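Here's the letter readout for the chains.
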Amino acid sequence: MPAAALRRAQPGRALLMTLAFGFLALFLVAPLAAVFVEALSKGIAAYGAAVVEPDALAAIKLTLIVAAISVPLNVVFGLAASWAITKFDFPGKSLLITLIDLPFSVSPVVSGLIYVLLFGAQGWLGPWLGAHDVQIIFAVPGIVLATMFITFPFVARELIPLMTEQGRDDEEAALSLGAGGWQTFRRVTLPNVRWALLYGVLLCNARAMGEFGAVSVVSGHIRGKTNTMPLHVEILYNEYNFAAAFAVASLLALLALVTLALKSLLEWRYGVHGKAVR
Amino acid sequence: MSIKLANISKKYGAFSALHDINLRARPGEFLALLGPSGSGKTTLLRIIAGLEFPDRGTVYFNNEDITHLSVAERRIGFVFQQYALFKHMTVAENVGFGLSVRPRRERPPRRAIRARVRELLDLVQLGELGGRLPAQLSGGQRQRVALARALAVDPQLLLLDEPFGALDAKVRKDLRHWLRGFHDRVGLTSIFVTHDQEEALEVADRVVVMSNGAIEQVGTPSEVYDHPANAFVFDFVGESNRVPVIAADGHAIFRGRVLDIEAVGLRGAAELCFRPHDARLGAPGDAGLPATVLLARPREGRVRVQAEIAGVRGAIELDTDQAPEPGQAITIVPTRARLFPAAAAPDAAAA
Chain A
1 MPAAALRRAQ PGRALLMTLA FGFLALFLVA PLAAVFVEAL SKGIAAYGAA
51 VVEPDALAAI KLTLIVAAIS VPLNVVFGLA ASWAITKFDF PGKSLLITLI
101 DLPFSVSPVV SGLIYVLLFG AQGWLGPWLG AHDVQIIFAV PGIVLATMFI
151 TFPFVARELI PLMTEQGRDD EEAALSLGAG GWQTFRRVTL PNVRWALLYG
201 VLLCNARAMG EFGAVSVVSG HIRGKTNTMP LHVEILYNEY NFAAAFAVAS
251 LLALLALVTL ALKSLLEWRY GVHGKAVR
Chain B
1 MSIKLANISK KYGAFSALHD INLRARPGEF LALLGPSGSG KTTLLRIIAG
51 LEFPDRGTVY FNNEDITHLS VAERRIGFVF QQYALFKHMT VAENVGFGLS
101 VRPRRERPPR RAIRARVREL LDLVQLGELG GRLPAQLSGG QRQRVALARA
151 LAVDPQLLLL DEPFGALDAK VRKDLRHWLR GFHDRVGLTS IFVTHDQEEA
201 LEVADRVVVM SNGAIEQVGT PSEVYDHPAN AFVFDFVGES NRVPVIAADG
251 HAIFRGRVLD IEAVGLRGAA ELCFRPHDAR LGAPGDAGLP ATVLLARPRE
301 GRVRVQAEIA GVRGAIELDT DQAPEPGQAI TIVPTRARLF PAAAAPDAAA
351 A
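Line order of the protein sequences matches chains A and B.
Residue 154 in my numbering is what sits at position 154 of the first sequence, and the numbering runs on without skipping anything.
Residue 211 in my numbering is what sits at position 211 of the second sequence, and the numbering runs on without skipping anything.
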């Protein structure tokens with residue numbers, strides 16, 4: 001009897017739930033709470049001062065600039081790659097799918113080093129860049145490049161499964177009705193994937209703002225110039241300026257929470273309108 | 001519009017999807033492409049539409065070579081198996097899509113588009129549902145929206161891929177009749193793909209039976225049903241029994257018994273094909289097929305008997321008026337049957 005079976009399974013269920021929630025509380029909620037507690041440990045005034053201090057403001061600004069450049073570019077790339085992969089057959093397709101995943105499988109530090117090797121003063125293109133007075137490593141362009149590399153897969157990874165599932169029928173229907181390529185994309189494909197795209201953008205943005213390893217390698221840690229928020233947090237922390245470090249960190253944590261909330265909202269919309277949207 | 005396909009071939013890698021297809025459709029004709037999955041029927045339909053392109057061969061619309069025109073340039077209406085309605089657009093927006101994407105110079109004014117949409121929705125009897133989303137419609141309604149959307153661009157040819165495939169049996173039957181009447185009212189040349197012989201025989205003017213990328217037979221429903229060109233067609237367009245026999249001295253012979261079936265122009269291993277309703281239970285002395293009853297069940301006012309013949313693959317089915325007992329030995333006498341040359345190596349059981 002299912003009811004009896006369920007009742008017998010109850011103790012096991014309770015145990016599993018306790019385990020899951022206990023684990024979450026210990027390893028996720030507690031550290032997150034600690035960030036905010038630590039950030040406010042010297043009072044609201046100190047918190048405010050740490051956040052509006054010029055170097056912190058510069059780091060926030062740089063972080064926003066990096067995200068503002070890399071996220072839109074990744075959206076374009078993600079859409080183009082997913083479109084190509086799911087709507088056309090061409091040689092090298094599986095290679096492209098594998099390459100898109102590369103940044104996930106490579107350590108971020110290695111990703112940063114690749115760019116140093118390419119564009120650094122001792123790198124392959126270093127002499128040429130130096131001769132033309134172009135600075136990429138230890139400057140904003142390097143940070144943007146490294147961030148783009150790291151966030152490459154996010155949009156494409158969201159879109160490819162959905163677009164594969166949706167197939168080509170809608171596009172073919174639009175073409176058979178006389179729509180051109182751009183019209184088909186704008187009026188049929190894009191609306192079909194809009195929620196997944198938004199979801200990908202959110203994840204991409206969170207990673208672009210939070211990336212540490214790759215950016216750390218190419219940034220050069222010049223205060224007020226090439227420090228993003230995560231790098232600024234590390235510098236403050238290494239200077240034993242804990243309250244300020246956690247104050248800036250709390251901004252990143254807030255970003256994570258907002259992303260999480262938006263993500264839940266999107267999932268809820270997906271779920272409710274799933275049939276109509278997908 | 002008339003259609004002519006000349007020597008169409010298409011390969012996917014090493015797999016030959018279509019080889020050397022020749023076919024004509026007259027203006028206003030309703031043609032069915034009938035075949036099992038993998039027979040190439042959908043590929044052929046998509047080649048006519050311009051969604052696929054043949055490796056070799058020519059497609060003519062009204063005697064004009066349009067092989068290299070894109071789907072948009074061919075002015076066809078295509079109805080997809082899963083309808084492919086735009087889910088985020090209302091029914092009216094879906095139907096009006098083809099008009100609204102025209103270049104500005106050719107695009108009708110908004111009011112004209114609305115009027116045309118209204119007219120089309122009335123035509124498919126969905127006049128009141130223009131404001132709904134596709135997800136809020138039943139399968140049959142979605143099918144008709146897809147049809148109205150395809151007609152909005154005034155196509156010269158209507159192509160339908162398994163138009164009833166995604167519907168349940170009852171709706172399917174209704175929509176079938178409706179579509180036939182609709183075709184006659186609108187007067188377009190139409191071609192549809194189906195794997196359901198009943199559907200093809202009931203709706204189409206002519207049926208194109210396909211298998212393995214080739215056309216087996218083209219004919220009116222009664223031609224393919226009553227005069228199938230080969231054992232495959234016989235088998236595919238209706239229920240059938242197939243028994244390996246020997247053709248000799250002008251007759252079919254089954255294990256030494258001379259059957260009352262003439263073998264004209266045929267010698268050697270052959271296949272005897274007959275439909276369940278074209279056979280009777282014989283008396284013990286009759287020249288027929290010796291069999292053992294497996295099962296007898298009432299069916300549409302008669303009794304459907306399943307029997308096995310020792311050494312012959314598959315159960316033999318026939319319709320009778322009295323029910324024999326399972327296990328009983330019977331003699332099956334085909335009253336109307338066809339003989340075809342054995343397709344593969346002669347079956348050992350025939351000897």
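Note that these hints are calculated values from the structure, not bench results.
Computed from a predicted model, the values in this text were never measured in an experiment.
Note that CB positions come from ideal geometry on N, CA and C, so glycine has one too.
Take these hints with a grain of salt, some might be off.
As the list claims (entries may be wrong) - Pair by pair, the computed Cβ-Cβ distance ranges are:
1) A/90 - B/298: 53 to 59 Å
2) B/64 - A/90: 28 to 34 Å
3) A/68 - B/55: 56 to 62 Å
4) A/88 - B/227: 40 to 46 Å
5) B/69 - A/28: 57 to 63 Å
6) B/36 - A/18: 54 to 60 Å
7) B/70 - A/61: 45 to 51 Å
As the list claims (entries may be wrong) - Some chain B residues well away from chain A (every beta-carbon gap over 12 Å; in silico):
8) 46
9) 50
10) 56
11) 57
12) 70
13) 73
14) 89
15) 110
16) 123
17) 187
18) 218
19) 219
20) 264
21) 341
Here is what the structure says about each hint:
1. Between residue 90 of chain A and residue 298 of chain B the beta carbons are some 58 Å apart, a value that agrees with the proposed interval 53 to 59 Å.
2. The hinted window of 28 to 34 Å between residue 64 of chain B and residue 90 of chain A holds, with their beta carbons roughly 31 Å apart.
3. For residue 68 of chain A paired with residue 55 of chain B, a C-beta distance near 49 Å fails the hint of 56 to 62 Å.
4. Taking 40 to 46 Å as the suggested C-beta distance range, the pair residue 88 of chain A and residue 227 of chain B conforms, at roughly 45 Å.
5. Against the hinted window of 57 to 63 Å, the Cβ-Cβ separation of residue 69 of chain B and residue 28 of chain A comes to about 59 Å, which satisfies the hint.
6. Taking 54 to 60 Å as the suggested C-beta distance range, the pair residue 36 of chain B and residue 18 of chain A conforms, at roughly 56 Å.
7. Evaluation of the 45 to 51 Å hint for residue 70 of chain B and residue 61 of chain A yields a pass: the beta carbon distance comes to about 49 Å.
8. At the 12 Å boundary, the C-beta of residue 46 of chain B falls inside the reach of chain A, the nearest C-beta of that chain being 9 Å off.
9. For residue 50 of chain B, the non-interface assignment is contradicted: its Cβ lies about 8 Å from the closest Cβ of chain A, within the 12 Å cut-off.
10. Separation of residue 56 of chain B from chain A is adequate, the least Cβ-Cβ distance of about 20 Å exceeding the 12 Å criterion.
11. Look at residue 57 of chain B: its CB is around 21 Å from the nearest CB on chain A, clear of 12 Å, so calling it non-interface holds up.
12. Residue placement check: residue 70 of chain B does not keep its beta carbon more than 12 Å from all beta carbons of chain A (closest about 8 Å).
13. With a cut of 12 Å on Cβ distances, residue 73 of chain B falls inside the contact zone with chain A, its closest approach being about 9 Å.
14. Some Cβ of chain A comes within 12 Å of the Cβ of residue 89 of chain B; the nearest lies about 8 Å off, and the non-interface call is violated.
15. Every CB of chain A is more than 12 Å from the CB of residue 110 of chain B (nearest about 16 Å), matching its label as outside the interface.
16. No Cβ of chain A comes within 12 Å of the Cβ of residue 123 of chain B; the nearest lies about 17 Å off, and the non-interface call holds.
17. Against chain A, the non-interface label of residue 187 of chain B holds: every CB pair exceeds 12 Å, the least being about 20 Å.
18. With a least CB separation of 26 Å from chain A, residue 218 of chain B remains clear of the 12 Å interface cut-off, as annotated.
19. At roughly 29 Å from the closest C-beta of chain A, the C-beta of residue 219 of chain B stays outside 12 Å, upholding its exclusion from the interface.
20. Residue placement check: residue 264 of chain B keeps its beta carbon more than 12 Å from all beta carbons of chain A (closest about 48 Å).
21. Residue 341 of chain B, annotated as away from the interface, keeps every beta carbon of chain A farther than 12 Å; the closest lies near 41 Å.
Consistency with the previously given hints fails for numbers 3, 8, 9, 12, 13 and 14, ordered from lowest to highest.
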